[in-house]
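Trainee: Listed here are the chains, written in short residue letters.
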Amino acid sequence: MSGFGTLLLRDLAQFLPGARKGNTLLPLLFFVAVAMLYPFAVGPNPNVLAATGGGVIWVAALLAAILPLDRLLAPDLENGFFDQWALRGIAEEVVVAVRLLAHWLSFGPFLMLAALPASALLGIDGATLRTVELGLLAGTPGLAAIGIIIAAVTVGLRSGGAALSGLLVIPLAVPLLIFGAGSLSNGGEGGIALTAAISLVLVAMAPFAGGAAIRAAREG
Amino acid sequence: MEAPRLAARDLACRRGERLLFRGLSLELSGGQALHVTGSNGTGKSSLIRILARLLRPYAGEVERSGTIGLLDQTMALDEHLPLGRALAFWRRIDRWPDRDDATGERVGQLGLRDLMDVPVRYLSTGQRKRAALFRLLGQGADIWLLDEPLNGLDRDAVALVEALVAQHIASGGLALVASHQPIAVAGMAVLHLPDYAPGVDA
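Residue numbers (the UniProt record's numbering), protein chains in the order written: chain A, 1 to 220; chain B, 1 to 202.
Misleading hints may appear alongside valid ones.
Said to hold, decoys possible - Derived, one-sided and incomplete: chain A residues facing chain B with beta-carbon distance under 10 Å:
| id | residue |
| --- | --- |
| 1 | Gly5 |
| 2 | Thr6 |
| 3 | Leu12 |
| 4 | Gln14 |
| 5 | Pro17 |
| 6 | Arg20 |
| 7 | Arg130 |
| 8 | Glu133 |
| 9 | Arg218 |
I should point out that these hints are in silico values taken from the structure, not numbers from a laboratory. Note that the Cβ used here is the ideal one computed from N, Cα and C, for glycine as well.
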């Protein structure tokens, strides 16, 4: 337990917004910036904004979740942390699971907060906002898991990792967006439930996929 | 504590298309030290990673009992943190006693006392090495695997590393040091890695 807590504290100190001289604020600011700029891009028609605003919040959330991708796992592999953990019998799966939790904590709750001003900027009504918030609660853990899986799979690539990350996001994120953003159009609980189910699968998969990918990268 | 032991049978290592060494066997137990020599690219680091079970050998097997401490080119310390806080992470993971005389003495011995508030990224090569040594000492591992521990160290620090290795094996530990530089530790055996390169009759 003490090892788990120590790992989590270190991760949070690295990833929580405001850590590392504010570098970690970028995903959150990015999310708010998208919400602020979107009305300028499509024009101020309130009907258009209200109809599409929820979807924009979802896309902004996805992008905010994958912004810190290159910092999630690669520095620890390069600096030898994973080697030292392996020698001490701390499994990669445990490290990745803790990192997943820290990654989600560093953007999930903050995005849900930021969705409040964002929805005001986009002219989203209360009922839709409720659906958006519930959807984000159900979907952001899945987005965090996607980020972790992609970070792990591309961790051993010296170059071209960024391009591959961008490609990998698309198929992994499609189901979450279909049901998460889709729940907005029918206001249905069903969409949110399916989003939560996909999130759970991704979260359950991430530590094992990530652990295997990191071991493979170490052999390379 | 069970006496530490490190044995390898008939190891071969391939990196990419190249066979670096083959037919390498070794057997070490507590109180013994081995100096692995050879120029760059002969597979010293790979051998260390195989013995640490971080790399799968192309052939052969490794047996060991005892905990492993690894010192290589990576620091495993957070670059942006002051040294003291970066080391505190490993203090909690390895459960060093909060305040004991041995730790305080080591800080002075390794010349780290004035560096604890300096961010790791500002440390010089030699200072980094000494900080990593501090982490290794705190871990209290039975088996030391040191990969080029003398790189970037001045003469005093080299003597210090030699003394630490001697102290480690005197207290029943086991040490394997890969270095292209000479290292003076009493009773240390030498393994010249190029002898196991393909095309050489071992």
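Trainee: Now, for every hint given, state plainly whether the structure supports it.
Mentor: Structure-based check of each hint:
| no. | hint | in the structure |
| --- | --- | --- |
| 1 | Gly5 | holds (8 Å) |
| 2 | Thr6 | holds (4 Å) |
| 3 | Leu12 | violated (13 Å) |
| 4 | Gln14 | holds (8 Å) |
| 5 | Pro17 | violated (16 Å) |
| 6 | Arg20 | holds (6 Å) |
| 7 | Arg130 | violated (40 Å) |
| 8 | Glu133 | violated (34 Å) |
| 9 | Arg218 | holds (6 Å) |
Violated hints, in rising order: 3, 5, 7 and 8; the structure is consistent with all others.
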